[in-house]
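Engineer: So the sequences go chain by chain: A and B.
Taking my numbering, the leading residue of the first sequence gets 1, the next gets one more, and so forth.
Taking my numbering, the leading residue of the second sequence gets 1, the next gets one more, and so forth.
FYI, nobody ran anything at the bench for these hints, they're computed from the structure.
Do not take every clue at face value.
Unchecked claim - Restricting the straight-line Cα-Cα distance to at most 27 Å, the calculated cross-link-like pairs of lysine-lysine (DSSO-like) are:
| hint | chain 1 | residue 1 | chain 2 | residue 2 |
| --- | --- | --- | --- | --- |
| 1 | B | Lys16 | B | Lys88 |
| 2 | B | Lys260 | A | Lys94 |
| 3 | B | Lys163 | A | Lys134 |
| 4 | B | Lys260 | A | Lys134 |
| 5 | A | Lys138 | B | Lys260 |
| 6 | A | Lys85 | B | Lys260 |
| 7 | B | Lys154 | A | Lys94 |
| 8 | A | Lys248 | A | Lys207 |
| 9 | B | Lys352 | B | Lys154 |
| 10 | A | Lys207 | B | Lys260 |
| 11 | A | Lys94 | B | Lys163 |
| 12 | B | Lys352 | A | Lys239 |
| 13 | A | Lys138 | B | Lys163 |
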Amino acid sequence: MNEAATILQTTSAANTPGESREVHIRVRDLTMAYDGLVIQHDLNFDIYRGEVFIVMGSSGCGKSTLLRHCIGLIRPAAGSIFYEKMDFWGSTEKERQQMMRRFGILYQSGALWSSMTLSENIATVLERYTRLSKSEIKDIAYLKLSLVGLSGFEEFYPSDISGGMRKRAGLARAMALDPEILFFDEPSAGLDPISSRNLDDLILEIKESMGTTIVVVTHELPSIFAIGDNSVFLDANTKTMIGYGSPKELLENPPQPIIREFLTRGEQ
Amino acid sequence: MQHFHFHRSEQETLFKISPSSGDGDAVTVSLGGEWRMGSGSGHPATLFDPKHPIGDVRSITFSQDGLAFWDSSLVSFLKRTRDEAHEKNIAIDISQLPLGIQKLLALSGSAGKTDAEMPVYKKHSSILLALGFSSLRWTHTFEDTLEFIGELMKSFGRFFRGKAHFRMVDLLQILRDCSANSVPIVTLISFLFGIILAFIGAAQLKMFGAEIYVADLVGIAMAREMGPMMTAIILAGRCGAAFAAQIGTMTVNEEVDALKTTGISPMDFLVLPRIFSLAVMTPLLSLYAIFMGILGGAIIAQLMLGISFLQFVTEAKMILTPMQFGLGLIKSFIYGILIAYAGCLHGIHCGKSAQSVGVATTSAVVVGIITVVMAAAVTTYIYNVLGV
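All chains, please: the whole structure from these sequences, using the hints.
Structural biologist: If you want it as structure tokens, here you go:
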């Protein structure tokens with residue numbers, strides 16, 4: 001572990017006083033690289049069960065890349081990601097698939113399968129992993145869509161609805177299997193302030209009602225402060241994490257000036 | 001240091017260089033005239049041009065003297081001058097220039113900072129370097145291709161074990177797109193191709209009084225080679241391109257990522273139905289194309305050579321055994337798989353931009369046609385060796 005990570009761990013200890021809290025995701029010495037070009041290195045942080053964890057940093061710092069490493073789309077150049085005690089990238093393909101079944105992912109664009117209706121999008125996930133009857137699958141698909149306020153749009157195609165609705169439908173699909181962990185990649189991107197706020201409220205409702213661990217990649221300040229319990233700040237210049245703790249504490253006691261600058265839009 | 005005036009025209013002075021009072025190492029540059037983009041080739045690119053006698057100075061102060069108009073041409077001149085001055089350790093003072101220019105120069109970044117802090121991707125100036133990068137790209141492409149073929153084999157394995165996950169409705173829709181929707185163009189092309197073959201044959205065979213063998217020529221050519229080949233080229237343009245565009249767009253929209261993270265193999269869900277569709281539909285359409293080509297040939301034989309339709313069909317039936325059709329259909333089966341493979345491969349490996357979808361589509365068609373022609377050559381050689 002590098003020096004910065006040791007300092008950050010000390011900082012984070014103050015931010016995570018609950019010793020009894022269960023670590024859900026553990027990232028250790030993670031290095032991410034594309035074609036030999038290091039994006040981020042020596043990332044070390046824990047995500048606790050039931051919290052909303054924010055991955056923040058300036059554009060191009062590797063936030064979405066970190067998420068893609070966590071959800072199994074890119075293999076790390078070095079280091080490990082543990083889900084509870086299971087080493088995600090050290091496991092077999094089959095074990096990894098089983099772990100991935102516990103994830104739900106809301107992609108930046110919604111990533112709904114365009115050849116299917118909204119209910120079919122959800123049904124496809126349920127068909128893959130459950131042995132429910134067709135009518136039960138349909139009921140659950142309709143339920144999930146109603147939870148995100150899309151009742152009446154079940155048989156619409158993704159191209160027939162607005163960007164905000166596509167995001168919500170994507171969330172309904174992400175929640176299809178009642179996942180333990182939900183990943184959000186830039187949930188507010190492309191949304192108006194009210195839709196963005198509604199999505200934040202929805203994230204909090206999911207956390208409170210289902211106890212889901214939620215990881216959000218974002219640089220939207222209102223969202224960061226509204227929903228974030230804990231966070232990590234990735235720096236594009238040093239290519240490593242330079243802040244770890246709750247967003248409010250990072251604002252009050254920033255380990256680096258750039259974090260305060262980021263969290264105040266450079267206004268202080 | 002002598003005074004220097006830079007004129008665009010006799011009436012207009014763009015800048016004057018003069019020694020600063022009391023300091024021999026400093027000069028003052030007074031900007032004037034109209035600095036307007038698109039007003040001809042009169043703007044200098046930088047102050048540090050051999051034509052401008054700056055000399056060895058330590059500082060340059062810019063001022064304005066009758067500066068009537070300025071736009072990005074002046075800012076560009078000042079930026080380049082500032083950057084070059086930074087390299088030469090010459091101090092630049094722009095505080096006497098309009099505030100707008102000062103702000104734009106500040107926005108354009110301070111000299112030396114960008115190069116120091118940002119990674120710079122320079123064009124490969126060395127031939128060896130370019131060759132190396134090109135080889136690496138080819139290696140990546142080769143690896144991607146091998147990986148795709150390996151994944152496809154695994155997907156076939158899952159299919160035969162009944163574990164592949166795809167929607168029957170998608171398969172039926174792709175089957176329809178590849179078949180019924182392709183019939184009009186296949187009809188037109190193969191009919192015309194039969195006519196062309198008959199024309200060529202008629203002109204040659206007439207010289208030997210062997211006109212009746214036009215039926216043999218058209219029949220054999222269409223059944224063994226040209227029917228499957230023309231169908232394959234049409235399908236490479238229609239279906240191969242469509243496959244690459246559909247899957248490429250899904251890649252751009254993260255739909256392929258969503259499949260992977262849902263535990264659904266994109267190979268099973270997207271590639272298998274497309275390969276099955278073309279593996280089935282290419283032979284069927286080829287068979288249709290063969291008959292349309294023979295029909296075209298028969299019409300020309302009647303019009304040009306006076307061979308009746310019945311005579312033509314009787315002669316063609318003698319040479320066109322089921323074996324001849326079978327050989328053509330085996331080829332078209334292979335072509336179908338190759339076209340679908342090329343379309344899906346380029347769709348799956350599409351980048352993340354709209355431009356990459358275009359590249360994937362073009363590549364799918366080009367690779368599809370090339371592989372079809374190569375397969376045609378190989379299968380023809382094998383048939384020849386086998387004596388069939």
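Engineer: Decide, hint by hint, whether the structure agrees.
Structural biologist: Now the hints, each set against the structure:
{"no.": "1", "hint": "B:Lys16 with B:Lys88", "result": "21 Å, holds"}
{"no.": "2", "hint": "B:Lys260 with A:Lys94", "result": "13 Å, holds"}
{"no.": "3", "hint": "B:Lys163 with A:Lys134", "result": "19 Å, holds"}
{"no.": "4", "hint": "B:Lys260 with A:Lys134", "result": "23 Å, holds"}
{"no.": "5", "hint": "A:Lys138 with B:Lys260", "result": "23 Å, holds"}
{"no.": "6", "hint": "A:Lys85 with B:Lys260", "result": "23 Å, holds"}
{"no.": "7", "hint": "B:Lys154 with A:Lys94", "result": "14 Å, holds"}
{"no.": "8", "hint": "A:Lys248 with A:Lys207", "result": "19 Å, holds"}
{"no.": "9", "hint": "B:Lys352 with B:Lys154", "result": "26 Å, holds"}
{"no.": "10", "hint": "A:Lys207 with B:Lys260", "result": "25 Å, holds"}
{"no.": "11", "hint": "A:Lys94 with B:Lys163", "result": "14 Å, holds"}
{"no.": "12", "hint": "B:Lys352 with A:Lys239", "result": "23 Å, holds"}
{"no.": "13", "hint": "A:Lys138 with B:Lys163", "result": "23 Å, holds"}
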